[in-house]
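Peer 1: Here are the chains, one letter per residue:
2 protein chains.
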Amino acid sequence: MSTLSIATAAEVIDLLRDDLAAIELEFAQQSDSPVAVITDIAQYLMAGGGKRIRPLLLLLSAKALGCTTHSRIRLGAVVEMLHTATLVHDDIIDEADTRRGRPSSNTTWGNSKCVLAGDWLYMQSFHHALEERSFKVLDLLISLTQQMVEGELLQMEKLGHLINEEEYFDLIYRKTACLFRVSMQLGAAITHADDEMESNLGEYGRNLGLAFQIVDDVLDLTAAEDVLGKPVASDLREGKATLAVIHALERGTGADREAIRTVLADRSFTRVSHAQILEILHRHGSLAYAMDTACAYAEAARLSLSALPDSDAKRALLWVPGFVTTRDR
Amino acid sequence: MSTLSIATAAEVIDLLRDDLAAIELEFAQQSDSPVAVITDIAQYLMAGGGKRIRPLLLLLSAKALGCTTHSRIRLGAVVEMLHTATLVHDDIIDEADTRRGRPSSNTTWGNSKCVLAGDWLYMQSFHHALEERSFKVLDLLISLTQQMVEGELLQMEKLGHLINEEEYFDLIYRKTACLFRVSMQLGAAITHADDEMESNLGEYGRNLGLAFQIVDDVLDLTAAEDVLGKPVASDLREGKATLAVIHALERGTGADREAIRTVLADRSFTRVSHAQILEILHRHGSLAYAMDTACAYAEAARLSLSALPDSDAKRALLWVPGFVTTRDR
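So the protein lines, in turn, are chains A and B.
Under my numbering, the letters of the first sequence match residues 1072 to 1400, in that order.
Under my numbering, the letters of the second sequence match residues 1072 to 1400, in that order.
Please note that the accuracy of each hint is not assured.
To be verified - No farther apart than 20 Å at their CA atoms in a straight line, the calculated lysine to any residue pairs in the SDA-like style are these: (1) B:Lys1207 <-> A:His1199; (2) A:Lys1229 <-> B:Thr1110; (3) B:Lys1246 <-> A:Lys1229; (4) A:Lys1207 <-> B:Glu1203; (5) B:Lys1246 <-> A:Ser1104; (6) A:Lys1207 <-> B:Phe1206; (7) A:Lys1229 <-> B:Val1108.
For the record, the hints were derived by calculation from the structure and aren't laboratory data.
Hey, can you work out the whole structure from these sequences and the hints?
Peer 2: Printed below as a string of structure tokens:
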């Protein structure tokens, strides 16, 4: 394990400021389409204040391996664009009204335009990835996208039903951790790192992504709406059982299980209130269990870096898991 | 110009029977997804009896240039799968009830699943195209897909409005001719033909595609519903002005123009009947004009082959334009 101290947020921001600004510019250029509505939707989503965590991971992975080329900027924009494409299509599927506290793209532009704008963003991200002239990069991105899309379909089939932990972890791997993993692997691919290093960095991304999504799912249950920027407990209202809920289902009384089942089946809090569900989760220590699990994955992410040479980028990578597990939105 | 005689339909079918059967098998294997609903949608559409004209063009282009490898089968399935992906998303956008005389995929599976199934089919076609390990092939396919998606968005923005011939030709290029062009170019790419040959074959595809779509649009206006397999005049009912309609708009009396404008704006035949529109089109020779234009593109396609060496595949390519312009559905 590395003996390096962990960086501070300010150090990480300093380290990446120029590269992240270059990625914002590249994204804006890449999303400039001959069809105005595509540019509008892409820029609307880009301005929505995402955390840019995927480009950040790619930058840190590439920098930790000594990357000095434009590839990290180009592919940083590509992973953010790919992520944006999934958001556009997810909003259609979830029939979401809001995204990050603003009207969702489908509410603003309608489903038809969003189907096509999402398609275009996928293609544009592959178009720019193709400029790398690396089959490895393309293999990673195409296979990633298929896994994400399959994950969304699997999730749809499970809506309203009880799932177990194994199914939950498969879903959040596909939904989030897979793109985190590939962002890290792309950093290795453009620096021609060996397979073992690529695999270690990929493991970091996977573990971090699982931690990130578990925390996201806990925040959905517990955070205040004005902090979260979206309605609370939207997962339950969409029929989605997340880790704390699965934990409570496995340990709760018959009445507890029935209450949770009712919310998932109704997809609303009309018969059982949000407060009742929170009381059940607290009583069984389910929220603490989920957070402990997230912290264990965060620690596993840090451990995946043991073979990585010391650098400022490595110190930053050691900082990210703590940031992810202590955020409040 | 070639001195070759033109093949008969029976000869063309004989020439391609084994390859087309291999493509059907390859498509079935490629569309076998770990998520059942994707396989269901892909196989439903594949069984719907498309004309397989895109793989047919790719096969003929590749064979005319001496291709003996599996690449033509793999990419034949890829172009049909890409076409299928566009159909799945188009059905959502058009809110179509039927496709080729059967319920459309969105009617059967719902919009959400069709968004994702379309995404998956796009990714799967790129996944298999990647197996060619040819950047040229990927450049062609990604750029093609972007042009098609932009075309659909441009068409949406023009629905209900009057467009001129230039706009019409841009739309049908993107909708149909672009994929015909790329199917021909892929045959050249996998046989490492020189740029001039690729360009000539691409021109053949483009001209043929324009002819094909013009005829499709005429049939939409004139064919019987039971022959066409979809409601007649669906273009007008969707607010789409096609070549014959544009011709009549430019030459008609004030009353004629007003009648056409009414149907396009209403997107129905409640105030002006389908028979009235057909009378206007006949009176101005607009349907004949559109068919003459299609035949001119068909002849231009044949002329694009003049530098291609003589072969059975070339004879077949000389036959296709006549088939396309004389079909009744």
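Peer 1: If a hint holds in the structure, say so; if it does not, say that too.
Peer 2: Consistency of the hints with the structure:
{"no.": "1", "hint": "B:Lys1207 <-> A:His1199", "in the structure": "holds, 14 Å"}
{"no.": "2", "hint": "A:Lys1229 <-> B:Thr1110", "in the structure": "holds, 18 Å"}
{"no.": "3", "hint": "B:Lys1246 <-> A:Lys1229", "in the structure": "violated, 36 Å"}
{"no.": "4", "hint": "A:Lys1207 <-> B:Glu1203", "in the structure": "holds, 13 Å"}
{"no.": "5", "hint": "B:Lys1246 <-> A:Ser1104", "in the structure": "holds, 18 Å"}
{"no.": "6", "hint": "A:Lys1207 <-> B:Phe1206", "in the structure": "holds, 12 Å"}
{"no.": "7", "hint": "A:Lys1229 <-> B:Val1108", "in the structure": "holds, 13 Å"}
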